[in-house]
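Could you put the whole structure together from the sequences, leaning on the hints where they help?
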Amino acid sequence: MYKTEAIFTLESIFNLGRALGSANTAEEILKVSILSLMGKLKVSKIAGFVSSGDRFKLVYSRGVKIDDEIEIKRFEIPSEFTRLKKSWIKNLILSKEFDYILPIKWAQTHTLALIFLGGRNKGFTKSEIDYINFVSNFTAISLKNINSILELKRSVFDLTVLNEFTQSILLKRDEGEIFNSLALTLMGHFGVESVSVIKSDGSTIKIFSFPDEQHFSSGFIRKILKLGSMNAQFSRIKAKSFLFALGQRSPDGQRSYVLLLGKKRGKINFKISEVNLLQALFTSFVNAVENLRMISLNYDINLAYNIQRNLLPLELPKDPRVDIYGLTMPSKVVSGDYYDVLKISRDEFIVVIADICGKGLSASLLMSNLQASLKSILLFTNEIETITNLLNKVVLLNTLSEQFITFFICKIDLKNLTIEYINAGHNPPVLLSENKVKFLEKGGVVLGVFKSKYKSEKIKINRGDLIFLYTDGVTEAMDQFETELGIDKVIETVRSLRNLPSREIVEGVTKLIKSHTYGVEQTDDITMVAVKVL
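Residue numbers are given in the UniProt record's numbering: position 51 of the sequence shown equals residue 51, and the series is strictly consecutive.
Incorrect hints may have been included.
In the DSS-like style, the derived pairs of lysine-lysine whose C-alpha atoms are separated by at most 25 Å in a straight line are [to be verified]:
#1 K343 to K442
#2 K393 to K453
#3 K458 to K318
#4 K122 to K42
#5 K264 to K226
#6 K206 to K122
#7 K458 to K375
#8 K451 to K375
#9 K57 to K96
#10 K458 to K393
#11 K45 to K85
#12 K442 to K489
#13 K511 to K122
#14 K442 to K460
#15 K393 to K451
#16 K85 to K126
#17 K438 to K415
#18 K343 to K460
#19 K223 to K263
#20 K45 to K96
#21 K96 to K73
#22 K42 to K86
#23 K65 to K85
#24 K126 to K42
#25 K460 to K318
None of these hints come from the bench; they were simulated from the model.
Structure, rendered in structure tokens:
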């Protein structure tokens with residue numbers, strides 16, 4: 001994978017949190033977030049507006065001229081970061097150079113600010129979108145805090161509670177710890193006797209309780225979770241020791257949270273100002289749990305990357321009669337491409353390359369399954385027809401109908417100078433022998449689709465021959481005009497470098513791909529293996 005700047009790091013979280021924490025007005029908060037997005041996303045055109053009654057007031061812009069105020073119907077504002085519609089640009093008299101809108105929302109119902117972005121010639125990666133959502137969550141928390149100060153004129157004590165709670169959960173790495181901070185804050189400030197939170201993603205339910213563990217009937221949970229669809233809805237209930245409930249949805253709308261509060265010492269009802277503070281605290285809790293989920297997911301993906309990297313050959317077998325080098329560049333953190341080189345006797349090597357349908361975690365899991373199956377079969381046989389037929393059966397038994405694998409395997413005999421191969425629907429590797437080019441394409445269909453018998457082809461090779469194996473991410477790499485690189489340019493480059501070591505041949509093709517795709521995000525995994533017979 002191409003090296004890019006890591007934007008979703010603990011350092012970026014700390015720096016953004018510190019900058020937002022030092023801002024004293026809504027304008028300063030929005031400017032901090034805008035500058036963070038500009039720096040991390042490399043956008044050249046941006047404008048930020050803060051909510052002011054029925055209109056939005058310009059706070060900061062860069063790279064465009066724009067009106068100081070715009071008027072937008074609240075129901076037209078999207079719920080999340082999205083590409084701008086042409087009708088929007090025209091109706092709002094916005095610069096046509098804007099491509100995206102990021103609404104800063106509180107509890108999915110109140111739009112606190114709008115950020116427009118443009119001047120970028122490519123889309124956003126998953127990591128960049130995660131950072132955008134992260135900034136949006138933090139900005140919403142900060143703007144809500146400031147707006148609460150201006151609109152409700154809270155007491156200094158209320159402000160201290162909210163700020164201390166936000167700071168106390170900022171660096172916590174466990175949902176239970178975040179809930180305990182919420183429960184202690186609510187019990188200390190409002191005098192409630194017990195606190196619970198019910199969290200559901202539609203299939204699983206998690207319950208947090210303090211000070212005592214609570215058990216609820218399935219009927220009560222189904223009923224109370226309906227409040228989760230009513231953002232910031234404060235309701236009176238009668239259930240066990242709980243009298244009040246507050247519902248909240250996650251920013252992406254995929255999870256429901258319901259806060260349950262017990263009896264309130266000395267008083268029965270909550271004041272309006274207290275309800276507003278409850279909503280602020282609970283929304284901060286939900287955003288903190290959601291941010292923790294995003295950070296945990298990022299960690300898990302990186303862990304999967306390290307595990308998968310160890311599944312690929314760390315060091316290829318060495319033999320003075322052959323020079324082999326391989327490289328994988330995933331389009332995402334983890335890859336669905338696979339290659340391996342195995343020495344099965346003094347004179348024989350098996351070389352494998354495969355491309356799993358799809359990308360990311362699902363493809364990488366199937367890749368790991370393929371590798372494990374191949375290694376197991378090789379314990380009993382090194383006949384490539386048997387290997388391929390058994391692998392096809394394994395893939396058929398263990399994958400969905402829409403999943404398949406393109407697969408190429410060859411056995412190189414350095415004593416008799418032969419290569420026996422099977423191509424199961426893979427991009428045909430190229431054999432360069434003297435001035436001739438041969439595509440290794442005999443074999444059969446892709447793995448995992450049909451119960452099929454695979455037949456091999458055996459051909460003679462000569463010293464000085466070069467075999468170049470690759471996945472479709474090489475030939476289908478696109479430039480900014482969506483033109484594919486194609487096999488002809490790859491062969492031309494390999495032919496021009498064939499007298500160099502295998503590593504330099506692969507690096508030469510890598511430079512070709514990067515030159516062709518300059519300024520365009522890699523969308524497919526890229527894998528190459530070069531084998532030179534010496």
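Hints, one by one, checked against the model:
no.	hint	result
1	K343 to K442	holds, 23 Å
2	K393 to K453	holds, 10 Å
3	K458 to K318	holds, 23 Å
4	K122 to K42	holds, 11 Å
5	K264 to K226	holds, 24 Å
6	K206 to K122	violated, 40 Å
7	K458 to K375	holds, 23 Å
8	K451 to K375	holds, 21 Å
9	K57 to K96	holds, 19 Å
10	K458 to K393	holds, 24 Å
11	K45 to K85	holds, 17 Å
12	K442 to K489	holds, 23 Å
13	K511 to K122	holds, 20 Å
14	K442 to K460	holds, 15 Å
15	K393 to K451	holds, 7 Å
16	K85 to K126	holds, 21 Å
17	K438 to K415	holds, 22 Å
18	K343 to K460	holds, 19 Å
19	K223 to K263	holds, 20 Å
20	K45 to K96	holds, 11 Å
21	K96 to K73	holds, 20 Å
22	K42 to K86	holds, 23 Å
23	K65 to K85	holds, 19 Å
24	K126 to K42	holds, 15 Å
25	K460 to K318	holds, 22 Å
Hint violations for this structure: number 6 only, all remaining hints satisfied.
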